Amino acid sequence: MHRPRTALCCPALALATLLATGAHAAPTPPPVGTPAPHPVAGAEAAKAGTISWEDLVPDAARAAYRAGPPPAVHDYLSGESGLAAQQPQDFSVNATLDGHSIRLPGFIVPLELDAEGRVTEFFLVPYYGACIHVPPPAPNQMLFVSYPKGLTLASMYAAYWVSGRISTHTRQSKLGSAAYALAATGVEEYRY
Amino acid sequence: MRALAGLASRSLWNRRGTAALSVFSIAVSVALLLGVLHLRDDARRSFASTVSGADLVVGSRSSPVSLLLYTVFRIGDATGPVSMEIVERVARHPDVAWVLPLSLGDSHRGYRVLGTVPGYFEHWHYGRGHRLEFARGGPFADLYDAVIGAEVAERLGYRLGDPIVLAHGLGEVSFATHADKPFRIAGILARTGTPVDRTVHVSLEGLEAMHVDWHSGAPPPPGARTTAEDARRADLAPSRVTAFVVGMRSRGAVFMMQRALEDYRGEPLTAVIPGVALTELWQLLGAAEGALLAIAACVVVAGLLGMLSAILTSLGERRREMAILRSVGARPTDVFLLLVLEAGLLALAGAILGVGLMYGARAAAGPWLERRFGVAMELGGLTPYDLALLAGVVLAALLAGAWPARLAYRRALIDGLSIRL
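Those sequence lines, one after another, are chains A and B. Under my numbering, the residue at position 8 of the first sequence is numbered 8, and the numbers go up by one with no gaps. Under my numbering, the residue at position 48 of the second sequence is numbered 48, and the numbers go up by one with no gaps.
Be a bit skeptical, because a hint or two may be false.
[Claimed, not checked] Example chain A residues on the side facing chain B (calculated, C-beta under 7 Å, incomplete):
id, residue
1, L97
2, P139
3, P148
4, L151
5, Y192
[Unchecked claim] Computed Cβ-Cβ distance ranges for the label pairs, DEER-style:
id, chain 1, residue 1, chain 2, residue 2, range
6, A, G186, B, P384, 35 to 43 Å
7, B, R2, A, S146, 32 to 40 Å
8, A, E116, B, A302, 45 to 53 Å
9, B, G266, A, P148, 23 to 31 Å
10, A, E116, B, R331, 50 to 58 Å
11, A, S101, B, L395, 28 to 36 Å
12, B, V165, A, A115, 47 to 55 Å
13, A, K149, B, L407, 51 to 59 Å
14, A, R191, B, G169, 35 to 43 Å
15, B, L395, A, Y128, 42 to 50 Å
16, B, L285, A, G186, 39 to 47 Å
17, A, S101, B, A141, 39 to 47 Å
18, B, A294, A, A95, 31 to 39 Å
19, A, A115, B, P182, 57 to 65 Å
Everything labelled a hint here was simulated from the structure, so no lab data went into it. Bear in mind that the values here come from a model prediction, so they are computed numbers and not experimental data. Each residue gets a CB set at the ideal place from its N, CA and C atoms; glycine is no exception.
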């Protein structure tokens, strides 16, 4: 019932985070305009544990991937089947990730709270603001996470590392709707 | 040590008037601290477990917290109506599993009346996916059936089949009632510990029937009223509701539905994910909680300082007492320990009395708090954290008592048996 001290007070984890950030330092920056190299392909990243949001997009769609908010979804309410063709959002999943243990940072959109106010089910999304007045993320850029232990959310603006086993489902519906689900084993606050 | 403790308690009893004041001030501060902590936990439990399994709550445009408060907690007022047209549109959508329209605006003796569909009793979950259960009876079958929550039944003493007259407006008393169209209690829900207990549920058509002749917003004159039986034959399809709750078939589409509803040009709507709005409510309350706890902690410190000043001022009068003790063989350290123990005993007595005060206040204020703010009080025992706090208060008193104890110790050394007053 009281905010527990986050795990980052533990020096071992602080050291691990330092090492991880240190490992990403590039020796010389490439010239401006060079296209960014492809991030580590899905299965290999999953073996490494930590993945990035780009890994959730399958190879076929990666070339067309655009970071940033998608356009408005004015016609969604009509529910007509033609909508999927108009929809630039990507509904496909990266099936190579299915069943792997991964670790991914993101923001939390709470769905279910337990009696003590801890979040037990939530969406993990790549940017804050996927809540009320801002366009939603693409379906394959959000994970439905279940965390029975419950997380006391310090702030909706806080980012968290979530680790657990990811599973992929593709539900067939008129609009096509993909889903990543994660059974979370650990949630820690994200520190730069 | 036992002898000293006995001595300390007898010495305190001798000064019981002033000692009682110190005990009482500590008791009040402890009661305040524990009361705030328990209230916070009660509030958290009441709010967090109120609704579950609902993907979106949609109402007329307002702040998300305010929308959640008037639909789920039945506190506050709606900002405007929602047309049935959008409710039906959403209900027909392939990604939507179920929709529960909600209509508010009437009351019965201070309890809110909620007009809804029979599906409410199936889809409205609370806590960890608990369904609503009937203690007696069942959902509405007839037009004028009502289903009441556990607290309404208990407090007003209603049983199945009793008539119930609903009033217009949300106050505890209304001067515009629907006495010509009494409802009949068809079901009583089992206790949930949520605002459902304080609600009277009727069908949407029943609400329409009540208002079928209220064209000008007030009851018509006696000659022009439609009887309850005639109202059955009128067209009772509702055109507007206050809000609606959506359960999605595919969870991943909740953001798209939310965004589409918020962008809907037909009418101004707000769609909230209940978990998000609840968390926002928490964060609003969290600041208030923190402030209350800080104040309570300061009050405890003030109580201890009061006790300390009482002991210090009494030292002057007790020099003869100390001298007598020394003369019968007490060492200076015994004098020191005596005073520390006194402080500890005062704090212990204050802590115990404080716990009693806290429970008394909660038992007295509990029903009112539940009625007014929706916070259900659970009179449980003291948690380990509470016990640790109480131990902390006693320890702080012991440490604070070291100051007058040291003064008395030094004076005991200096004075000897002759005291120069």
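Hint by hint, which ones does the structure fall short of?
1, 3, 4, 5, 6, 7, 8, 9, 11, 12, 14, 16, 17, 18 and 19
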